[in-house]
Amino acid sequence: MTAARKLAPSFDAEAARRDFAILARPVHGKRLAYLDSGASAQKPEAVLDAMRVFAETEYANVHRGVHYLSGAATDAYEAARRTVQAFLGAAHEDEIVFTKGGTEAINLVAYSYLMPNIQPGDEIVLSVMEHHANIVPWHFLRERQGAVLRWVDIRDDGSLDVEALDAAITPKTKLVAITHMSNVLGTVTPLAEIVARAHAKGVPVLADGAQGAVHEIVDVRALDVDFYAITGHKLYGPTGIGALYAKRAHLKAMRPFNGGGEMIREVTRARITYADPPARFEAGTPPIIESVGLAAALDYFSAFDRAAVKAHEHDLLAYAREGLRELNWVRVIGDAPGKGAILSFEVAGMHAHDLATILDREGVAVRAGHHCAQILMERFGVSSTTRASFALYNTRADVDALLAGLRKARQILV
Amino acid sequence: MDNALRELYQEVILDHSRHPRHYGPLEKATHKAEGYNPLCGDRVTVYLALDDAGRVADIRFEGKGCAISQASASLMTDLLKGKTAAEAGKLMDGFLRLVRGEAAADLPEEAREHLEVMGGLSEFPMRVKCATLAWHTFKNAVEEGRQTVEEGAS
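Going line by line, the protein sequences match chains A and B. Every letter in the first sequence is one number past the one before it in this note's numbering, and letter 297, counting from 1, is 297. Here this note's numbering runs 414 ahead of the position in the second sequence, where the first position is 1.
Source of the hints: derived by calculation from the structure; they are not laboratory data. Idealized CB from N, CA, C, for every residue including glycine. Accuracy of the hints is not assured; some may be wrong.
Derived coverage of chain B by chain A (criterion: at least 3 residues anywhere in the stretch with Cβ under 8 angstroms from a Cβ of chain A; other residues may be distant) [as the list claims (entries may be wrong)]:
1) 421 to 430
2) 475 to 487
3) 536 to 548
Mimicking DSS-like on lysine-lysine, the simulated pairs with C-alpha atoms at most 27 angstroms apart in a straight line are [claimed, not checked]:
4) A:Lys30 - B:Lys543
5) B:Lys543 - B:Lys504
6) B:Lys442 - B:Lys495
7) B:Lys478 - B:Lys442
8) B:Lys446 - B:Lys553
9) B:Lys495 - B:Lys446
10) A:Lys408 - B:Lys543
11) B:Lys497 - B:Lys543
12) B:Lys442 - A:Lys408
Beyond 10 angstroms from chain B on every Cβ pair, some chain A residues (computed) [as the list claims (entries may be wrong)]:
13) Arg18
14) Leu69
15) Phe140
16) Pro256
17) Arg265
18) Glu266
19) Ala307
20) Lys310
21) Ala318
22) Ala352
23) Asp354
24) Arg361
25) Ile375
26) Met377
27) Arg407
So here's chain A without its partners, still in its complex pose (with noise of 0.2 angstroms):
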């Protein structure tokens, strides 16, 4: 079936959503119309049905038993750390590290790479559309070492202006860490040349790639990123499992974050030395069933055209953005050029939270708030939006149901 799909040019969106159980539940006795996978997607049955029977037929603890299944669940592991090296395109299936998830992966670089290589006064650069989650742990930097944070401002659009981050690094800064594409804004930024550009003054470059990994298609090697983070969960893959590429020469020179288990070469009363990558960064029993739901998630993700997925996406964010025209108090915020599918937007008279409640007795699930990006909301002077974020199985019922839920609340509330 998905072979069949792989030869076929274009992209079944009906079919897609066929493969997620889920979407065919009623809400509130509507059609779900779930617009909200830039929080969490859904997952297809491929994946429920892997992790089931690798449970059932496969399973025991990774790297530690003689035994046969031990042995088993082992190279699953192994064969799933193998899948996501493809999917980023990187060179060695050392350069993952499997981790809880995209914040636990930018934790690991804050943690392991740069807490022992700063200096008071040391800087960081990052943009004023990040989520939380690279935010946050280079702060813990700026509170415990002194180091300061240099925030790139984003133009009105959305869109990231090169020469200004470009501009923000000096011959202090340490690490620049942005999004491959904004949570809120869907802007998508050059990564290749931000990369490049941080290179040419020696600076190492993270990527939040929660969102890109979904919405762009990534090629480590091509960006040549130092480290790009991803998460399973919006990669219709479960929760709890993430990963963090990294090159391998940055693998090898870091300490490890979290000690315990599987993570040691040798422990002694006296003193302890520690495995080589990846194996040093992934102390304790990891996330191993739903390391085979990832990999089986990748695989179904894969295995479609994933350029007739994008432009299936990107047919969706138009249409929506068309229907929105005539909803003239409908305010779109982050309309940069490229950006993927994802559309916040404010509403005049309303708030996010009151919308969001009348579209979801409509079966529209949408996010409101502040999409732990407080510091963007900061520059665009509101408190909360609203958020569309499209996945491959959502139609343009989907967005007719969102649309026609806007206007209900309009009569509702204003």
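Following the hints, put chain B in place on chain A, whose structure we already have.
This is chain B only, laid out in the frame that chain A set:
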């Protein structure tokens, strides 16, 4: 049309949210607290003037937030003026039960009539916090918001 929605956003609620009563700072406040809901970003500041008998001689609020949070704060200020802090505490308990859809038989008749417009919230458990923010902030103001002390709410 959805009856639960119609009840939640009934005219009284919308009117209070658009034209909140007792809105703005209170110059002679003896007590003050700020409430903040980090989930949605709603903010409310409650100002109180408590007299020597512990009665709410005056109460005002200001804030930013959804229709429910603003209407609830407005309705609260209407109700609490003239009540003692102890009476207000009982009304708060009754209000919390009301919005959660629990029996609130001990609410005095006058208060029930005043607050039952918020009863529709029981169908919207995700939104109960919006309505209770002002009340919790009022409680903080009474308990910890004495104006001689720098209060550290939110």
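Outcome of the hint check:
1. 421 to 430: Satisfied; 3 residues make the cut.
2. 475 to 487: holds (count 5)
3. 536 to 548: holds (count 4)
4. A:Lys30 - B:Lys543: 25 angstroms, holds
5. B:Lys543 - B:Lys504: With a Cα-Cα distance of about 18 angstroms, the restraint between B:Lys543 and B:Lys504 holds, given a limit of 27 angstroms.
6. B:Lys442 - B:Lys495: 15 angstroms, holds
7. B:Lys478 - B:Lys442: Since the Cα atoms of B:Lys478 and B:Lys442 sit roughly 22 angstroms apart, the hinted pair holds (cutoff 27 angstroms).
8. B:Lys446 - B:Lys553: 10 angstroms, holds
9. B:Lys495 - B:Lys446: 15 angstroms, holds
10. A:Lys408 - B:Lys543: Holds, at roughly 24 angstroms.
11. B:Lys497 - B:Lys543: 24 angstroms, holds
12. B:Lys442 - A:Lys408: At roughly 43 angstroms apart (the allowed maximum being 27 angstroms), A:Lys408 and B:Lys442 break the hint.
13. Arg18: 28 angstroms, holds
14. Leu69: Given that every Cβ of chain B is farther than 10 angstroms from that of A:Leu69, nearest at about 42 angstroms, it holds.
15. Phe140: 19 angstroms, holds
16. Pro256: 32 angstroms, holds
17. Arg265: 43 angstroms, holds
18. Glu266: 45 angstroms, holds
19. Ala307: 37 angstroms, holds
20. Lys310: Since the minimum Cβ distance to chain B is about 32 angstroms, A:Lys310 lies beyond 10 angstroms and the statement holds.
21. Ala318: 30 angstroms, holds
22. Ala352: 8 angstroms, violated
23. Asp354: 5 angstroms, violated
24. Arg361: 5 angstroms, violated
25. Ile375: About 13 angstroms separates A:Ile375 from the closest Cβ of chain B, which puts it past 10 angstroms; holds.
26. Met377: The assertion about A:Met377 is violated, with a minimum of 7 angstroms to chain B.
27. Arg407: 13 angstroms, holds
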